[in-house]
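Participant: Single-letter residue listing:
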Amino acid sequence: MSLKAYILALAPELIVLFGACLVLLLGRRDLRRQPPAAPLAAFVTLSVALGVAFLTGVPEEPRLVPGLWLGGLTFYIRLIGLAVGAVLVLVNWHQAVEDERGEYLSMILFSLLGVLLTASADDLLVLLFALELVSVPTYVLIALSRSSHRAGEAAVKYFFLGALATALLAYGLSFLYGVMGTTALHRVTDAGVVSTLGGGSALETYALIGLLLVFAGVAFKMAAVPFHVYAPDVYEGAAAPVTGLLGFAPKAAGFVALLRLFDACAWDLPQHLFWLLWIVAAATMTVGNVVALLQTNVKRMLAYSSIAHTGYILIALLVGPATGEGPLRDGVAAVLFYLPVYGLMNLGAFALIGAFRIDEREPETLDELAGLARRAPAESLTLGVFVFSLMGFPPTAGMLAKVFVFGSAFSAGSAHPHRLALIVLAVIGVANAAIAAAYYLRIVTAVYMKNEGCRCLPAQGGPIRLGLLACALPLLLVFVWPGALTHEARRASAHVHPPTLRLAAPALTDPPPTPVAITARTVATSTAGQP
Amino acid sequence: MNEHTLDILRTCSLVILLAPLAGAVLAGALGRPLLRGATHWIVILGVAGAVAGAFVVLFTLHGTETGPTTAALALYQWIATGAGTWFAVEVLIDPLTAIMLVTVTGISLLVVIYSRDYMREHHHPQRGYERFFAFLGLFVFSMCALVLSGNFLLLYLGWEAVGLCSYLLIGFYYQRPAAAAAAKKAFLVNRVGDFGFGLGVLLIYLTFGTLQYGSVFDMVAAGVTGAGDPLPTARVTAIALLLLCGACGKSAQLPLHVWLPDAMEGPSPVSALIHAATMVTAGVYMVARCGAIFTASPLAMTIVAVLGAATALFAATIALTQTDLKRILAYSTISQLGYMFLGLGVFAADTAIFHLYTHAFFKALLFLAAGSVMHALGGIIDVRQFGGLRRLLPWTFILFVVGAAALAGVPLLSGFFSKDEIIHHAFEQHWLLGLLGLVTAVLTAFYSGRMVFLAFFGPPRVPEGVHPHESGHWMLLPMGVLAAGAVAAGYVGVHAFDQPFHRFLHPVFASTFAAHAHGQFAVAHGGLWAQYGLLIVSGALALLGIAAAWFAYVAQPWLPATLKAVFVGAHQTLWHKYYVDELYGAVIVRPLRRIGRFCVDTDDSVVDGLLWLITAVPRGLAFTFRALHGGVLQSYAVTMVVGLTIMVLLVLAL
Numbered sequence: 001m002s003l004k005a006y007i008l009a010l011a012p013e014l015i016v017l018f019g020a021c022l023v024l025l026l027g028r029r030d031l032r033r034q035p036p037a038a039p040l041a042a043f044v045t046l047s048v049a050l051g052v053a054f055l056t057g058v059p060e061e062p063r064l065v066p067g068l069w070l071g072g073l074t075f076y077i078r079l080i081g082l083a084v085g086a087v088l089v090l091v092n093w094h095q096a097v098e099d100e101r102g103e104y105l106s107m108i109l110f111s112l113l114g115v116l117l118t119a120s121a122d123d124l125l126v127l128l129f130a131l132e133l134v135s136v137p138t139y140v141l142i143a144l145s146r147s148s149h150r151a152g153e154a155a156v157k158y159f160f161l162g163a164l165a166t167a168l169l170a171y172g173l174s175f176l177y178g179v180m181g182t183t184a185l186h187r188v189t190d191a192g193v194v195s196t197l198g199g200g201s202a203l204e205t206y207a208l209i210g211l212l213l214v215f216a217g218v219a220f221k222m223a224a225v226p227f228h229v230y231a232p233d234v235y236e237g238a239a240a241p242v243t244g245l246l247g248f249a250p251k252a253a254g255f256v257a258l259l260r261l262f263d264a265c266a267w268d269l270p271q272h273l274f275w276l277l278w279i280v281a282a283a284t285m286t287v288g289n290v291v292a293l294l295q296t297n298v299k300r301m302l303a304y305s306s307i308a309h310t311g312y313i314l315i316a317l318l319v320g321p322a323t324g325e326g327p328l329r330d331g332v333a334a335v336l337f338y339l340p341v342y343g344l345m346n347l348g349a350f351a352l353i354g355a356f357r358i359d360e361r362e363p364e365t366l367d368e369l370a371g372l373a374r375r376a377p378a379e380s381l382t383l384g385v386f387v388f389s390l391m392g393f394p395p396t397a398g399m400l401a402k403v404f405v406f407g408s409a410f411s412a413g414s415a416h417p418h419r420l421a422l423i424v425l426a427v428i429g430v431a432n433a434a435i436a437a438a439y440y441l442r443i444v445t446a447v448y449m450k451n452e453g454c455r456c457l458p459a460q461g462g463p464i465r466l467g468l469l470a471c472a473l474p475l476l477l478v479f480v481w482p483g484a485l486t487h488e489a490r491r492a493s494a495h496v497h498p499p500t501l502r503l504a505a506p507a508l509t510d511p512p513p514t515p516v517a518i519t520a521r522t523v524a525t526s527t528a529g530q531p
Numbered sequence: 001m002n003e004h005t006l007d008i009l010r011t012c013s014l015v016i017l018l019a020p021l022a023g024a025v026l027a028g029a030l031g032r033p034l035l036r037g038a039t040h041w042i043v044i045l046g047v048a049g050a051v052a053g054a055f056v057v058l059f060t061l062h063g064t065e066t067g068p069t070t071a072a073l074a075l076y077q078w079i080a081t082g083a084g085t086w087f088a089v090e091v092l093i094d095p096l097t098a099i100m101l102v103t104v105t106g107i108s109l110l111v112v113i114y115s116r117d118y119m120r121e122h123h124h125p126q127r128g129y130e131r132f133f134a135f136l137g138l139f140v141f142s143m144c145a146l147v148l149s150g151n152f153l154l155l156y157l158g159w160e161a162v163g164l165c166s167y168l169l170i171g172f173y174y175q176r177p178a179a180a181a182a183a184k185k186a187f188l189v190n191r192v193g194d195f196g197f198g199l200g201v202l203l204i205y206l207t208f209g210t211l212q213y214g215s216v217f218d219m220v221a222a223g224v225t226g227a228g229d230p231l232p233t234a235r236v237t238a239i240a241l242l243l244l245c246g247a248c249g250k251s252a253q254l255p256l257h258v259w260l261p262d263a264m265e266g267p268s269p270v271s272a273l274i275h276a277a278t279m280v281t282a283g284v285y286m287v288a289r290c291g292a293i294f295t296a297s298p299l300a301m302t303i304v305a306v307l308g309a310a311t312a313l314f315a316a317t318i319a320l321t322q323t324d325l326k327r328i329l330a331y332s333t334i335s336q337l338g339y340m341f342l343g344l345g346v347f348a349a350d351t352a353i354f355h356l357y358t359h360a361f362f363k364a365l366l367f368l369a370a371g372s373v374m375h376a377l378g379g380i381i382d383v384r385q386f387g388g389l390r391r392l393l394p395w396t397f398i399l400f401v402v403g404a405a406a407l408a409g410v411p412l413l414s415g416f417f418s419k420d421e422i423i424h425h426a427f428e429q430h431w432l433l434g435l436l437g438l439v440t441a442v443l444t445a446f447y448s449g450r451m452v453f454l455a456f457f458g459p460p461r462v463p464e465g466v467h468p469h470e471s472g473h474w475m476l477l478p479m480g481v482l483a484a485g486a487v488a489a490g491y492v493g494v495h496a497f498d499q500p501f502h503r504f505l506h507p508v509f510a511s512t513f514a515a516h517a518h519g520q521f522a523v524a525h526g527g528l529w530a531q532y533g534l535l536i537v538s539g540a541l542a543l544l545g546i547a548a549a550w551f552a553y554v555a556q557p558w559l560p561a562t563l564k565a566v567f568v569g570a571h572q573t574l575w576h577k578y579y580v581d582e583l584y585g586a587v588i589v590r591p592l593r594r595i596g597r598f599c600v601d602t603d604d605s606v607v608d609g610l611l612w613l614i615t616a617v618p619r620g621l622a623f624t625f626r627a628l629h630g631g632v633l634q635s636y637a638v639t640m641v642v643g644l645t646i647m648v649l650l651v652l653a654l
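So the sequence lines, in the order shown, correspond to chains A and B. Last residue of the first sequence: 531 (our numbering), numbering continuous. Last residue of the second sequence: 654 (our numbering), numbering continuous.
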């Protein structure tokens, strides 16, 4: 594997990396400049990286570069990560105080870089570092996002609990390594976990504990019950534009990591783990929605809504890869479709809050937003789009995302071992979506139906308004013309679960495998792949 | 049709859809901050684009000498429903589509141009000029989508979208309680119809497994369901009647006609465009389009015919006594739509579409002229308050008379040909239907004459403080074009000119309506008397009706009051529109209100109490967990670890 090949394979990621460093440097000089160079550089970086990602395209078949796995999923996550990232930069354009703008925006880029790398990781260690690369910058971002002491408090809380979650994650990965004897995911896929778990050997318990700990670590990032407790405090404490990022980057990275890991189990989860995840999914939806009903602070309400959406996506994750034609039957494609749609509608809702000021701070409660439609009709209209999309109402992409998730569970087919359980889970999901309408509509009611004068003043800057538009328009367009996104999602899904890689593996009947035992295929990559 | 033609049609359908939509979006987005008084231009441009597209479609189809004139084009796939089935965004273009498109976009363009002056100078200081044009553009888009759609899903979407536009435009003067109430009424009454329509679409999907026109109609013709089983007639009848339910709502047929007269609270251009010429004919279009389904069920066809004839007569009698010029026209519209349904019911779909087409011209003209009167009189439209406007508004007078004459069926004007043809076909089917048609024709002529004589003849009489003035060119020119249409548009369907209109439409209905018709398709048969006798009779009856109106309102003005006094019961019944609104109020609205109030009370007391009890558990839990959620970092960590421990135990112990 030559250096050139590496560079070519990782071109978008490298561009983001260098861009992040550049933004960091430019930030020092921003004080005297108009227009600010740092946000512009960040935006250009992401646009260029998006263009390069688009040009390099998708490999016909998933490709292994030592430590990395390049396939449709990589391509898809690059596209959505960079596109949503560009909108994030727009929304955060004026957020940080001027002499911290460089640090602030470069942290956004680093976090996005982590999301991209998660999708390409083929090594447990790379996966761990990628997930940390997503999270660590967010601690800094929360602290920098506003001068309120609540931001500092949120950052500290998030940091300590995040450290705990990372410890769980690393511990779980070490169990997996102990069982498999390798850190390369594709080789875990080929032989390790599958046969270990299926064989009922002594190692089964360790593998199970490993998977469980990894799930716990990732569940923290996705804010799934019972690792969701931090979310309301942190979402409320951080400035709204950063909260928009928290709803996208860690969640997307977490789900991508789980996709790769479940694939390592060949989507044949052990009974216990399946039922545990089933309970987690049901509990996550229900807790998120029920507690959200009681909130009057919009940011806390959206935080609980974010927890609930994690529950919806978990349904599709449990369904697993395609059992038929089209995204309606493909759980993985449904997960992948949901991620960018949720990222945009959530970001948009928070961006709207960030676009206004009351007494030099963001409006937070429903009362403070009451009557906004009279003061800012255009912005309120975009809020309507976001809220209806979060509710899953046509004509927005949120409706299609929910249709795909629930549809994948309903049509899982008789071949699926847990068909009935999935249908019950989807019914719980539909009921939850109905409950959720109650609190989402309170936002719309406050903005449109209340007549008292809103004291909100527009915040600084046009970019955040452009960001609102960039969130709302795709949500409408994807509803009208979902073909491009579903096509990419399905292709990515097909690559996550590639039959060719698995067929090429030697059938190992006798665990425990050692690194020596697995040398059969692709000698070139495996030798170079040892860290 | 070759590839090249298909490409043209594809491009045209995109232009027809997107140009008005773009106009509407731009008007909505840029109207208030940027374009302001010039907003109408962007919508005029958009609709003009649609008109151009529609004419290209018409001439392309008309120029197709050989082969089929039907093109089903999938623009793109929307979402997959599993097993490789997609909901496609597709269009169906055939002569029926082409004629509907030309009619809809053409009238729309004229009305948009008319609105420029009407909305600017009319009696509304309130804002909303931009909003009006944005809604109008959105309506044109929705209507074109409805007409172009190639499957029932898009038809349903278009159907609901025009309903939404109608609601928005009836309630345009939302500050007026009457307008807001009328908008609500229109929306709710249409919901009743649309509920049936939606069920019909679902039943189609359940029966045939697809919503695409072509596949569904083929299966109906072959008498099989989607699974290949034989198709029971009862199922077809159920589908047809459910669809008809939607048509009754949208096209204001009995018993769902009550919303249309109230809809006249909207601005006059809206009444002309949506509630006379285009949207209300959607039901007629839909039944014609689904001819395969309707003609497969004799019962459904009989119901369509009887319903149409009954509505035509019913509405015409109400129109005799009303005094609000626009409401008279509204009842006249219901009556004329009844004629169209009668035409469909007697297997003369081409004639029904022909009447739809001629009616669009003269009824739009009448509404615009009524709007011109309103414009001149500062918003007053009740004929008891004015009269003798002939000299004050000479141009409006002439235009109104042309429209009214076409409506009355004065020989050689467009309305005469199409209405006569429907009556002719009705007689072929059943003498009673034909007779109903003839009686309605006399009544139509009478109330048309009554409108003209009351409003424009006699001594000049205007309300206090009003100085009537003739409308400007922006309003008169579109009316002039419509008047030309009202006079001459009918000649494309005249026997003497070989009926190019009907020959163009023939392929669409050849295997459905035409195949079932008793008489020879579209061509009168028998001797000279059968061919022209009815023509002469109905022409004479029309003139008789007008003469009677002249006698009663000009020559002997005391007569109406005397008649009113003598037939007081009949007059009261008609004046109160057969008490239908009162009946619905007593039977449906008020009981529903009571149930609603009961539900609210129950909700407040019982359900809320129950909910309080149910949520007591989570709230109690919340109190317990408040220590954990209370913002203390350590307790969060404890929650996580406890949760993890439980998870590990669950997995390992079970």
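I should point out that these hints are in silico values taken from the structure, not numbers from a laboratory. Check before you lean on any hint, since a few could be wrong.
[Unchecked claim] Label-pair ranges, simulated between beta-carbon atoms:
1. A:V48 - B:L34: 29 to 35 Å
2. B:A52 - A:V430: 22 to 28 Å
3. A:S147 - B:T615: 34 to 40 Å
4. B:R590 - A:D367: 34 to 40 Å
5. A:P395 - B:R503: 36 to 42 Å
6. A:P395 - B:V641: 51 to 57 Å
7. B:R590 - A:P395: 45 to 51 Å
Backbone N, C-alpha and C fix where the C-beta goes; we use that ideal spot for every residue, glycine too.
Participant: Decide, hint by hint, whether the structure agrees.
Facilitator: Going through the hints against the structure:
1. A:V48 - B:L34: 29 to 35 Å: Since the Cβ atoms of V48 of chain A and L34 of chain B sit about 33 Å apart, the hinted range of 29 to 35 Å holds.
2. B:A52 - A:V430: 22 to 28 Å: violated, 46 Å
3. A:S147 - B:T615: 34 to 40 Å: holds, 38 Å
4. B:R590 - A:D367: 34 to 40 Å: holds, 37 Å
5. A:P395 - B:R503: 36 to 42 Å: Given about 41 Å between the Cβ atoms, the range holds.
6. A:P395 - B:V641: 51 to 57 Å: Taking Cβ atoms as reference, P395 of chain A and V641 of chain B lie about 45 Å apart, which means the hint is violated.
7. B:R590 - A:P395: 45 to 51 Å: violated, 36 Å
Hints 2, 6, 7 from the earlier list are contradicted by this structure; the remaining hints agree with it.
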